[in-house]
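Numbering (the working numbering), first residue to last: 4 to 156.
Among the clues, some could well be false.
[As the list claims (entries may be wrong)] Restraint ranges, calculated between C-beta atoms of paired labels, are given here:
id: 1; residue 1: Asn119; residue 2: Tyr55; range: 13 to 23 angstroms
id: 2; residue 1: Lys106; residue 2: Arg58; range: 30 to 40 angstroms
id: 3; residue 1: Lys106; residue 2: Gly130; range: 33 to 43 angstroms
[What the hints assert, rightly or not] BS3-like mimics (lysine-lysine), calculated; alpha carbons at most 30 angstroms apart, straight line:
id: 4; residue 1: Lys150; residue 2: Lys78
id: 5; residue 1: Lys115; residue 2: Lys49
id: 6; residue 1: Lys49; residue 2: Lys126
id: 7; residue 1: Lys150; residue 2: Lys72
id: 8; residue 1: Lys78; residue 2: Lys126
id: 9; residue 1: Lys78; residue 2: Lys112
id: 10; residue 1: Lys78; residue 2: Lys106
id: 11; residue 1: Lys150; residue 2: Lys49
id: 12; residue 1: Lys112; residue 2: Lys72
id: 13; residue 1: Lys112; residue 2: Lys150
id: 14; residue 1: Lys115; residue 2: Lys72
id: 15; residue 1: Lys150; residue 2: Lys106
id: 16; residue 1: Lys49; residue 2: Lys78
id: 17; residue 1: Lys78; residue 2: Lys115
id: 18; residue 1: Lys150; residue 2: Lys115
id: 19; residue 1: Lys126; residue 2: Lys150
id: 20; residue 1: Lys72; residue 2: Lys106
Keep in mind that the hints were calculated from the coordinates and are not lab data.
In this text, a Cβ means the ideal position worked out from N, Cα and C, and glycines have one as well.
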Amino acid sequence: MHKTLATISVLAIGLTVIAGCDGKVENKNVTHYSTDLCSLDVIGGKPDATVYVHRDTVVFAGWAIDASKRISPEKLRLRLTGAAGVPYTFDGPTMTDRPDVVKAYNNDKLLKTGFNFRADLSKLEPGGYGIILEIPDGNSLLVCQPKKVLVVQ
Numbered sequence: 004m005h006k007t008l009a010t011i012s013v014l015a016i017g018l019t020v021i022a023g024c025d026g027k028v029e030n031k032n033v034t035h036y037s038t039d040l041c042s043l044d045v046i047g048g049k050p051d052a053t054v055y056v057h058r059d060t061v062v063f064a065g066w067a068i069d070a071s072k073r074i075s076p077e078k079l080r081l082r083l084t085g086a087a088g089v090p091y092t093f094d095g096p097t098m099t100d101r102p103d104v105v106k107a108y109n110n111d112k113l114l115k116t117g118f119n120f121r122a123d124l125s126k127l128e129p130g131g132y133g134i135i136l137e138i139p140d141g142n143s144l145l146v147c148q149p150k151k152v153l154v155v156q
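Turn these sequences into a full structure, and let the hints guide you.
This is how it looks when you write it as structure tokens:
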């Protein structure tokens, strides 16, 4: 117990030093994580957990809920990040009706939670990519990580 408290104290002091002499940490962007309020149903028509695609235009389809407001997201982005850590972000999906989500969550405000991203993957290097769905809202960002991996060939 004492070792844990000592570790926490050292971390707090380190953060104070990093933040500056007055100890104030100013972070204008707040990120919230959610893993259960989105689904990536198919990538390129394939429902597998690991999907192999060619460097071409690929459709990512699924649904996402703005977990903070329990409504359909006003904005939605798809972010793919490879081993080099370079993120590729795609905006402007076509939003679609998802009556199954409305029924599952018993909430009529979730009708437009469906999405289809048409993503041009021609500039991506071959390899594996992590997938994140982002719902930006002012200074906050809701992040949802579907349980899928993309492999670009």
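Problem set entry | Enumerated hints in conflict with the structure, sorted upward | The structure breaks none of the hints.
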